[in-house]
Amino acid sequence: MLGRNNIREKMKNKEPLISCMLRFPVPATMEILALAGVDLVIIDNEHYPFNPQTLIDLVRAADVHGMATCVRVPNCEPTRIAQIMDMGVDGIMVPSVDSYEEAMQLVNAVKYPPLGTRGFCPITRAASYGMKMKPDEFAAFSNEKSFVIVQIETKSGVADLEKILSIPDVDVIEYGPSDLAASYGMPGHNDDPQIQTIVNEIISKALSAGKDVPYMVHSPEAAIEALEKGFTHISLGSDQQMITAGIRALVGEVKK
Amino acid sequence: MLFESKLKKKMQHKKPILRSFLRFPDPSVAEIMALAGVEMITIDQEHYPFDDEEIEKVVRAAQCFGSEVLVRVPCIDTEHIGSILESGCTGIVVPHVETYEEALEVVRAVKYSPIGNRGFCPITRAAFYGMRMSPAEYAAYANTQTIIILMTETKKGLENLDRILTIPEVDGIAIGPSDVSASYGYPGHPENPVVKAAIEKAQSQIATSGKCLCAQAYTIEMAQKVLAKGATVLNVGSDVQLLDSSFTNLIDSITKITTK
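First to last, the protein sequences are chains U and F.
Going by the working numbering, the first residue of the first sequence is number 1, and it counts up by one from there.
Going by the working numbering, the first residue of the second sequence is number 1, and it counts up by one from there.
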């Protein structure tokens with residue numbers, strides 16, 4: 001539920017955070033992630049199908065446990081973003097943001113005036129059906145609590161990075177090594193030194209601009225390494241990856 | 001998720017509880033009820049269609065805002081009751097209970113061994129997907145948290161009330177005035193002296209037992225009346241009734257202006 005666990009504040013204060021992506025439309029999975037101690041789940045509606053009714057049930061499943069939610073939508077289309085925000089999610093993530101203008105479009109879609117241009121309905125689920133706050137209080141509350149994640153995955157996104165980082169309501173910067181490598185003409189060469197340099201630059205610029213930068217890990221050792229490097233937000237992959245890894249390992253053992 | 005039940009504690013201490021029936025299978029309605037202060041949302045699966053998945057969604061919705069769900073099932077079907085409880089709802093309401101034996105059947109369906117024989121799967125939603133306690137701990141815990149409310153709605157049921165009230169696992173009893181009047185041969189006349197006397201006797205039997213008397217409180221007057229009779233679980237009406245009365249009242253008053 002928007003603002004219930006102060007996730008944006010935790011991001012700003014660099015408190016330790018664990019996030020994870022959800023790719024299967026199963027509320028029980030959401031609850032298992034919450035019970036396991038995940039702070040924020042990002043529903044991947046860029047690459048996986050989620051109906052609106054399913055999305056709202058997934059948000060409820062997280063809300064039972066006070067876990068924050070975010071939805072990755074495919075682009076900055078404002079109506080869809082507003083509809084998802086109306087469900088009570090805490091944030092929106094957009095992939096492949098290529099310019100300052102695009103990042104502003106996203107902020108405008110997530111925030112109410114005076115910060116943005118989101119359509120205002122103060123009796124949605126996000127607004128507790130109008131039963132807890134006055135409309136103006138809710139608008140201010142939503143603007144204060146909602147967060148925005150921008151993914152930098154292209155050459156033009158990198159070129160506009162400093163301007164994007166100057167936007168106060170961009171809270172989190174993610175980078176996509178695979179897409180970056182492709183956009184620099186080296187698909188599949190994520191480890192190429194040039195790509196590595198670019199990734200490191202994105203991270204250090206974003207951190208010094210005060211943004212939250214999630215660090216993706218797939219093992220406890222990698223998590224320790226990330227924490228030692230000064231990252232506070234650890235991202236763990238997705239339900240799909242965990243199921244794949246778990247079942248592969250088990251089937252492999254049994255087949256032996 | 002069978003969270004520690006506030007309702008169970010309140011019932012044990014006979015503290016007043018506000019209850020409403022949910023008849024539309026929409027989690028948003030449950031959330032509005034919870035936000036409005038309904039503590040016990042009772043899904044009416046006896047008279048309205050609810051799929052198992054919808055029940056689980058409503059339970060989650062209620063839990064988002066600190067409310068709890070009971071499900072009124074159509075009849076005593078042990079396996080059905082067991083599967084409903086896996087949603088993490090707090091309890092079961094059973095209509096038309098007429099005998100001590102039937103009441104015991106409900107207890108067996110709701111409680112795990114050694115009290116009952118509810119089918120045991122310790123990794124369901126009710127059991128926190130097996131992530132919070134050991135199976136043995138969960139079984140014992142669930143037996144202390146689940147709630148049983150029985151409805152006695154017939155002459156026979158009222159006559160057997162004394163014995164039904166001796167069952168420790170029964171938490172509350174509701175009397176259905178319409179059905180009671182019908183079973184006494186006066187359908188639609190709960191105010192008939194014979195029916196009225198039978199209902200009042202039953203109400204005082206329940207109120208003076210260790211059980212909670214559940215009663216209808218659709219108006220302030222009704223609430224005062226049943227509180228005076230010792231009721232602690234107050235049914236303020238269902239989504240259907242409240243929608244009906246709000247629309248009707250509003251439309252009536254606006255029509256008066258528009259037809260002037």
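Some hints could be false.
Stated by the list, open to error - No more than 30 Å apart at the CA atoms, straight line, and that leaves these computed lysine-lysine pairs for BS3-like:
#	chain 1	residue 1	chain 2	residue 2
1	F	Lys229	F	Lys155
2	F	Lys256	F	Lys15
3	U	Lys132	F	Lys155
4	F	Lys201	U	Lys132
5	U	Lys132	F	Lys6
6	U	Lys134	F	Lys6
7	U	Lys163	U	Lys205
8	F	Lys156	F	Lys201
9	U	Lys132	F	Lys14
10	U	Lys132	F	Lys9
11	F	Lys156	U	Lys132
To be clear, the hints were calculated from the coordinates, so they are not data collected in a lab.
Everything numeric in this text was worked out from a predicted model, so none of it was measured.
Hints, one by one, checked against the model:
no., hint, in the structure
1, F:Lys229 - F:Lys155, "holds (20 Å)"
2, F:Lys256 - F:Lys15, "violated (42 Å)"
3, U:Lys132 - F:Lys155, "violated (46 Å)"
4, F:Lys201 - U:Lys132, "violated (42 Å)"
5, U:Lys132 - F:Lys6, "holds (22 Å)"
6, U:Lys134 - F:Lys6, "holds (29 Å)"
7, U:Lys163 - U:Lys205, "holds (11 Å)"
8, F:Lys156 - F:Lys201, "holds (14 Å)"
9, U:Lys132 - F:Lys14, "holds (29 Å)"
10, U:Lys132 - F:Lys9, "holds (27 Å)"
11, F:Lys156 - U:Lys132, "violated (47 Å)"
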